[in-house]
Amino acid sequence: MDEPLQNLANDGAQFTPSTKEERFPRESRAVAIGIAGWLIPGLGHALQRMWGRAVVVFLAVGLLIFAGASMKGNVFTHQGNDAFDTLGYIADLGTGSFYLFARAIETGGADVSHADGDYGTRLLATAGVLNLLAALHAYEAARGHKA
Amino acid sequence: MTAIPPLELTHFQAFLLFAVVISVTFGFLGRRRPKDRVKYILWSLFLFLLVGIGVGWAMFPFSR
Chain A
1 MDEPLQNLAN DGAQFTPSTK EERFPRESRA VAIGIAGWLI PGLGHALQRM WGRAVVVFLA
61 VGLLIFAGAS MKGNVFTHQG NDAFDTLGYI ADLGTGSFYL FARAIETGGA DVSHADGDYG
121 TRLLATAGVL NLLAALHAYE AARGHKA
Chain B
1 MTAIPPLELT HFQAFLLFAV VISVTFGFLG RRRPKDRVKY ILWSLFLFLL VGIGVGWAMF
61 PFSR
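Residue numbers (this note's numbering), protein chains in the order written: chain A, 1 to 147; chain B, 1 to 64.
Some hints here could point you the wrong way.
[What the hints assert, rightly or not] Derived SDA-like pairs: lysine to any residue, alpha-carbon spacing no greater than 20 Å straight-line:
| id | chain 1 | residue 1 | chain 2 | residue 2 |
| --- | --- | --- | --- | --- |
| 1 | B | K35 | B | V24 |
| 2 | A | K146 | B | P34 |
| 3 | A | K146 | B | K35 |
| 4 | B | K35 | B | V51 |
| 5 | A | K146 | A | L136 |
| 6 | A | K146 | B | F26 |
| 7 | A | K146 | A | L47 |
| 8 | A | K146 | B | Y40 |
| 9 | B | K35 | B | L45 |
| 10 | A | K146 | B | V51 |
| 11 | A | K146 | B | R31 |
| 12 | A | K146 | B | L50 |
| 13 | A | K146 | B | L45 |
| 14 | A | K146 | A | R26 |
| 15 | B | K39 | B | F26 |
| 16 | B | K39 | A | G52 |
| 17 | B | K35 | B | I22 |
| 18 | B | K39 | B | E8 |
| 19 | B | K35 | A | W51 |
| 20 | A | K146 | A | G52 |
| 21 | B | K35 | A | A115 |
| 22 | B | K39 | B | L50 |
| 23 | B | K35 | A | G52 |
| 24 | A | K146 | B | F18 |
| 25 | A | K146 | B | R37 |
| 26 | B | K39 | B | V51 |
It should be emphasised that the hints constitute simulated quantities derived from the structure, not laboratory data.
Pulled out of the complex, with its shape left as it was, chain B reads as follows (with noise of 0.2 Å):
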């Protein structure tokens, strides 16, 4: 099998490729109702970005 092409992702958008894979997956499998889902979903998005940005923001003057 010939090398896939590789991947190059800016550090936040490797973090919200996980984000939003996980939101979705953790949505579908814990929620049964469509609406239910897509609010879960929105809320665990939105909490991956909120606490990945915040401890990225909280290490920063420990970065150098």
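Chain A extracted, bound-state conformation (with noise of 0.2 Å):
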């Protein structure tokens, strides 16, 4: 099994499998990497060395939750009370681990009577969102999709 890659290796036109990519076949590795960048903004990037956007995914990510929670905007649980609650929990989810966070750090609880926690409830789905985006990304660039 060895000796036919290695000589196809040595006429250097056709691609040989890494051992590693034999053991965590590729589809498996861009799911992983889909999984981790959702759970932390960026990190999809970074397992494949694209700093530049890994650094900028988690501080978009997380500076949009930083600004939506201190302008107590609405941080939705899966409590809801209509379709538009859970929609938003499902975008807030998107944040990955930074939905803990942003839990923890608006202890003040939401106000939405006011334009700022309107605007802070957009800030923290537009997160979501934004981190579910990047996530989509890093999955298609695991796959060998051009990113």
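Once you've looked at the hints, go ahead and assemble the two chains, each given alone in its own frame, into the complex.
Below you can see the structure in the form of structure tokens.
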């Protein structure tokens, strides 16, 4: 089994999968990278040595979360009253572990009776959707698609 | 954990924060070369501001 692969490698014209890739197929690796990118913003790109993108995604999601929570935006929970609350919860969950960070720093609770709180809610949801987009981008890059 | 100090932004500041963060992130994700990224970020930011302010003005007659 090893010999033909070695011959192909010597030809230089054929792709030879490395030992690492044999153990951990590309698709599984891409899924793992996508999940890592969702859990910790930027990690999916960092694992692929895309440092600039990793830093930008981490800072962007972190900044939006911090600003949204500081403006007393609504961090939705699973106990929503209607479909919009559920959608907001799904969007907020998009930030991965940063959702817990948002819950932790917004100890005073949400106040959406003012425009600031309403904007904060939007910024928090934006952070989640942006992180999901970045995780999907990292997944596609790991699959070998142009990124 | 102690409560963080409240952040009070005007409508335009909040809008600008959103537009800058999204433009920069899209620029980095969507383009590879630094020059292309800068062009994309500036163009995206300009369109965000144009559409945001345009829609704001379009809604003005119905605001009262």
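Hint check:
| no. | hint | in the structure |
| --- | --- | --- |
| 1 | B:K35 with B:V24 | 13 Å, holds |
| 2 | A:K146 with B:P34 | 17 Å, holds |
| 3 | A:K146 with B:K35 | 18 Å, holds |
| 4 | B:K35 with B:V51 | 24 Å, violated |
| 5 | A:K146 with A:L136 | 13 Å, holds |
| 6 | A:K146 with B:F26 | 15 Å, holds |
| 7 | A:K146 with A:L47 | 17 Å, holds |
| 8 | A:K146 with B:Y40 | 18 Å, holds |
| 9 | B:K35 with B:L45 | 16 Å, holds |
| 10 | A:K146 with B:V51 | 30 Å, violated |
| 11 | A:K146 with B:R31 | 10 Å, holds |
| 12 | A:K146 with B:L50 | 30 Å, violated |
| 13 | A:K146 with B:L45 | 24 Å, violated |
| 14 | A:K146 with A:R26 | 15 Å, holds |
| 15 | B:K39 with B:F26 | 12 Å, holds |
| 16 | B:K39 with A:G52 | 17 Å, holds |
| 17 | B:K35 with B:I22 | 18 Å, holds |
| 18 | B:K39 with B:E8 | 31 Å, violated |
| 19 | B:K35 with A:W51 | 17 Å, holds |
| 20 | A:K146 with A:G52 | 17 Å, holds |
| 21 | B:K35 with A:A115 | 37 Å, violated |
| 22 | B:K39 with B:L50 | 16 Å, holds |
| 23 | B:K35 with A:G52 | 14 Å, holds |
| 24 | A:K146 with B:F18 | 27 Å, violated |
| 25 | A:K146 with B:R37 | 16 Å, holds |
| 26 | B:K39 with B:V51 | 18 Å, holds |
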